[in-house]
Amino acid sequence: MELADWLLRASTSAAAQRRNRPGRDMEPASLQEELLCAVCRDVFVEPVTLPCGHNYCEACVQQLRRSAAVPPDSAKRRRAYYPCPLCLAPCEATIELRKNVALRNIVQKCSVARPGDVPCSVCKGRQRPPAERSCVTCGESYCALHVMPHSENEFFRQHVLVRPTRDTGRLCEEHGKDLELFCATDGTPLCAYCMLPGESRHLGGHDVVKLSEAAHVVKEGCLAKLENVEESLSEIGACLLKLEEVASLTESVSSPGQENIKKQQQGYTGFLSKIKLLLDIEEEAWRKRFSVEMVQESRRIKYRVEKLKVFQGQLQEAGAALEKALVVQDPVTLLKETMESVGIPSTASKRQTPLFMALQKAFAGNSSILCFSSLDRDRNSRISKGLAEEIKLDPRTAHPHLKISKDYTAVCATREKHTEGLNTERFRGSYCVLGTAAFSRGVHYWEVTVRDLPSWALGITYRSITRDPPGCWPGSDDKSWALSYSGSRRQFCAQHDWLAFSFGASRAPERIGLFLDCDSGILAFYDAHALECLYPFYCSLKLPVYPVFCPQLEGAAEFVTAEMRVERPAFL
Numbered sequence: 001m002e003l004a005d006w007l008l009r010a011s012t013s014a015a016a017q018r019r020n021r022p023g024r025d026m027e028p029a030s031l032q033e034e035l036l037c038a039v040c041r042d043v044f045v046e047p048v049t050l051p052c053g054h055n056y057c058e059a060c061v062q063q064l065r066r067s068a069a070v071p072p073d074s075a076k077r078r079r080a081y082y083p084c085p086l087c088l089a090p091c092e093a094t095i096e097l098r099k100n101v102a103l104r105n106i107v108q109k110c111s112v113a114r115p116g117d118v119p120c121s122v123c124k125g126r127q128r129p130p131a132e133r134s135c136v137t138c139g140e141s142y143c144a145l146h147v148m149p150h151s152e153n154e155f156f157r158q159h160v161l162v163r164p165t166r167d168t169g170r171l172c173e174e175h176g177k178d179l180e181l182f183c184a185t186d187g188t189p190l191c192a193y194c195m196l197p198g199e200s201r202h203l204g205g206h207d208v209v210k211l212s213e214a215a216h217v218v219k220e221g222c223l224a225k226l227e228n229v230e231e232s233l234s235e236i237g238a239c240l241l242k243l244e245e246v247a248s249l250t251e252s253v254s255s256p257g258q259e260n261i262k263k264q265q266q267g268y269t270g271f272l273s274k275i276k277l278l279l280d281i282e283e284e285a286w287r288k289r290f291s292v293e294m295v296q297e298s299r300r301i302k303y304r305v306e307k308l309k310v311f312q313g314q315l316q317e318a319g320a321a322l323e324k325a326l327v328v329q330d331p332v333t334l335l336k337e338t339m340e341s342v343g344i345p346s347t348a349s350k351r352q353t354p355l356f357m358a359l360q361k362a363f364a365g366n367s368s369i370l371c372f373s374s375l376d377r378d379r380n381s382r383i384s385k386g387l388a389e390e391i392k393l394d395p396r397t398a399h400p401h402l403k404i405s406k407d408y409t410a411v412c413a414t415r416e417k418h419t420e421g422l423n424t425e426r427f428r429g430s431y432c433v434l435g436t437a438a439f440s441r442g443v444h445y446w447e448v449t450v451r452d453l454p455s456w457a458l459g460i461t462y463r464s465i466t467r468d469p470p471g472c473w474p475g476s477d478d479k480s481w482a483l484s485y486s487g488s489r490r491q492f493c494a495q496h497d498w499l500a501f502s503f504g505a506s507r508a509p510e511r512i513g514l515f516l517d518c519d520s521g522i523l524a525f526y527d528a529h530a531l532e533c534l535y536p537f538y539c540s541l542k543l544p545v546y547p548v549f550c551p552q553l554e555g556a557a558e559f560v561t562a563e564m565r566v567e568r569p570a571f572l
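First residue of the sequence shown: 1, per full-length UniProt numbering; consecutive thereafter.
Please note: incorrect hints may appear among the correct ones.
As the list claims (entries may be wrong) - Once the Cα atoms are required to be at most 25 Å apart in a straight line, the calculated DSS-like pairs of lysine-lysine come out as:
id : residue 1 : residue 2
1  : Lys302    : Lys324
2  : Lys479    : Lys406
3  : Lys542    : Lys392
4  : Lys403    : Lys392
5  : Lys99     : Lys124
6  : Lys99     : Lys219
If you're looking for bench data, these hints aren't it; they were derived computationally from the structure. Predicted, not measured: the structure shown is a model, and the values here were computed from it.
Use the sequences and the hints to build the structure in full.
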C-alpha cells in the first residue's frame, strides 16, 4: 500500500503543476500522472489507448466520440474525427480502441482495498482505493487524493478528521470520539472529552446520563405514545360507524321527516295567502333551499368521514413509527429520531424528527372533527321580519344630474348639475342612486312607480359597485342584478355580470314590484298591476345588497324628467 500512497500523492502534485503551466498538453506526461485521466481528472476506470498513445477512461472516450465532426478535407469519405485532448491528434470515431490492460492492472493493484478497509466516498469504479481519513463534519471518508482539500483549503480547516470509519454518526462532531453520554438538558449526545473541565457548558446543573439510560427513557415514552395512538384509533373507528349511519339517513328522508316538511309548508302557505302573487315562487324557493340544506349536511358529514379517515391514517403512521422506534437497538439512532416526540426536555435546538412530525401531524387540528352540527333552523320567521321594509333613497350616491325629493322617496333626471355634497360615493357614469336599506337576510318586497318613464332600470347591488365609467351600469358586473326597460324597443333586459337576456313587453308597465329572498337567493320582478312575474334571478348573495334605481338610461333617445317613486305595497 506504500506504493499506492506514493503514486496517488505524486499524481496529485503533478496534476497541480500541470494546471499552472501553459501548454501542458504538448509536454510529455510523467510516470506519476499516468494514473489520472486527463479528461475527468480522476483515477483511470477501464483505460483505453488512442492511436496517438495517450490513455483515457473508456467513458470519457465515449463522450469525446459524441463531439466528433467531419473535417472539410474528408467530406467525400464522410468520416468523423475527434481530437486527442492532450496532443490534438485526430482520431477516427469508428475505430475500436484497445483497452490498456497493463495500466488497468497497475490502477487496480494501487487502488485495491484490503478486507475491513473503508473505501473512499468520492472515487468511482468497482474497486475504490481505501480511505486515509474520515471527516466527522462532512460524514464522508476520503482517500489520500481527495482528503488534500481538507488540509489545504481554509474552508475545511475547522472540520474534524479521524481514522477511517464507516459510521461517522457515532462520533462526536467536536472531538471525533465515540459517543457514550447524553445531555438531557441540551438534548445532545456527548463523548468523554465533552465532560472535561474545559467544556463547561455541559457542567453546572446539566443532566448528563448514559446513552443506555436515555434510550430506556425514550422507549418508555414511545410505549406511552403508542397506547394513546391505539386508543385514538379505536375511538375513530367507532365514530366512523356512527357517521356512516347518519350519512345513510340523510340521503333518504324518512316518513316522519316528510310529515314535518308538510307542516312547515302549510305554515308558509297560510302566511303567504295575503300575498298570493309571491306564493308560487316562495314555495319553490323553500323546497329548493331545504333540498340544498340536506345536500350540504350530507356533504358535511361525508367531509368529516374523509377527515377522520385521513386522521386515522396519520395515527396509523405514527403508531408504526413508534413501533419501529421500540425495536431500535442503537441508543444514538434512537435518541436522534425520537427524543423530541416523547417529551425529553431540551433548551437548545428543537429538531423536527420524522417521528415527532408524524405525531404532531396526526394530533394537530383534529380535536374538533367529532363535533356534530344540528339541522335545526328557524325557517318560519324570515318573511315576517322583512316585508315591512320602507325604502329611502340615499342622496350621497345620486348622480349629479339626479334630483332627490325632500322625503327621499322619489328621483328624477335633470339637465342642470347638482354639485352640492359631491363625494366618492356618487355615480358618475350612469343615472343611478342607491337605497339606504341594506338587505342580508329575510324576505323583502317593495314597489316602484315607473309611469311616464320611457326607459328605466331597477335592481339590487353590493355597496362596492363601480361608480365611474366604464362598467358602472347596474348588471354589468358580478356585483349587481338589474332589469331594464326600453320604451322605444318595447322590450325588457335582465342583466348580471355582462350576461343579458332580452324579451319583449306586451305593454309599458306602470308599477314594478321587487321581491327579494336573501336566504333563498331569489330576486323576482313583477308587474304589480297585472300581477305578472316579469323575470326571476337565482343568485348567491355573499354581502349585504342595496336597492338601485335608474330613472334615465344612458344613451336614451329622449331626456325625460318624470319621477320614479318608491311606493309602499298596498297589502302592507
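Checklist entry - Looking back at the hints listed earlier, which ones does the structure fail to meet? => result 1, 2 and 6
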